[in-house]
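Peer 1: Sequences and hints are given; from them, build the entire structure.
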Amino acid sequence: MSDANSPTSPTVKPKSKSYEGSCHCGRVRFTMKLSPPVEDGPVTSCNCSICAINGYLMVYPLESNITWLSGFDELTTYTFGPERIAHSFCSTCGTSIGGKSTDPNFFADNRALNVRTLKGVDVDALKLRKVDGRNVPIKIPSDAPRKLSR
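In this text, residue positions in the sequence shown follow my numbering: the first is 24, and each later residue adds one.
Treat the hints as calculated values from the structure; they're not laboratory data. Wrong hints could be hidden among the right ones.
Below, simulated SDA-like cross-link-like pairs (lysine to any residue); rule was C-alpha separation at most 20 Å, straight line [stated by the list, open to error]:
{"#": "1", "residue 1": "Lys40", "residue 2": "Cys116"}
{"#": "2", "residue 1": "Lys123", "residue 2": "Val66"}
{"#": "3", "residue 1": "Lys153", "residue 2": "Leu92"}
Label-pair restraints from in silico Cβ distances [as the list claims (entries may be wrong)]:
{"#": "4", "residue 1": "Asp96", "residue 2": "Leu151", "range": "14 to 22 Å"}
{"#": "5", "residue 1": "Cys48", "residue 2": "Pro105", "range": "25 to 33 Å"}
{"#": "6", "residue 1": "Gly49", "residue 2": "Val159", "range": "17 to 25 Å"}
Ideal Cβ positions, reconstructed from N, Cα and C, are used throughout, including at glycine.
Peer 2: Structure, rendered in structure tokens:
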């Protein structure tokens, strides 16, 4: 029997945490809220060519949970092959910030952000999810376009 004075079971909300991030020179700055927190994982470590070269460790917050404090208009983007992802980097110092899908049917509400740009995160303590992007069967012709834009 229910009593109006008895406690009800609390609704458990997933933990979330806010982070500050920036490029090396500080021109691009942002805050982001992520659930679960970066420290609880998983963080994606992909071995595809661009992720390996840029040292990406990625999380995928909702675009609505990212606030660009400065420099968003200074980001330069790079696409290659099927041009499905626009990879962003600071046009001044070259820091790889992350990427955004160019396909409205492929994670359009999210943005990939490089955990290495977040302040106060111990990357050696992260729970990584390894992704074998090197062996994804995507055929990229040698003459495929590579585009830089701003």
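Peer 1: Now, for every hint given, state plainly whether the structure supports it.
Peer 2: Taking the hints in turn, this is what the structure says about them:
1. Taking the CA atoms of Lys40 and Cys116, the gap is about 27 Å. The hint is violated against a cut of 20 Å.
2. In summary, the hint linking Lys123 to Val66 is supported, as the alpha carbons are separated by about 17 Å, within the 20 Å threshold.
3. Proposed proximity of Lys153 and Leu92 is contradicted: the alpha carbons are some 31 Å apart, above 20 Å.
4. Checking the proposed 14 to 22 Å range against Asp96 and Leu151 shows it is violated: the Cβ atoms sit about 32 Å from each other.
5. Remark: the range hint 25 to 33 Å for Cys48 to Pro105 is upheld by a beta-carbon distance near 31 Å.
6. A hinted range of 17 to 25 Å is violated for the C-beta pair Gly49 and Val159, which are about 34 Å apart.
Hints 1, 3, 4 and 6 from the list above are not met by this structure, while the remaining hints are.
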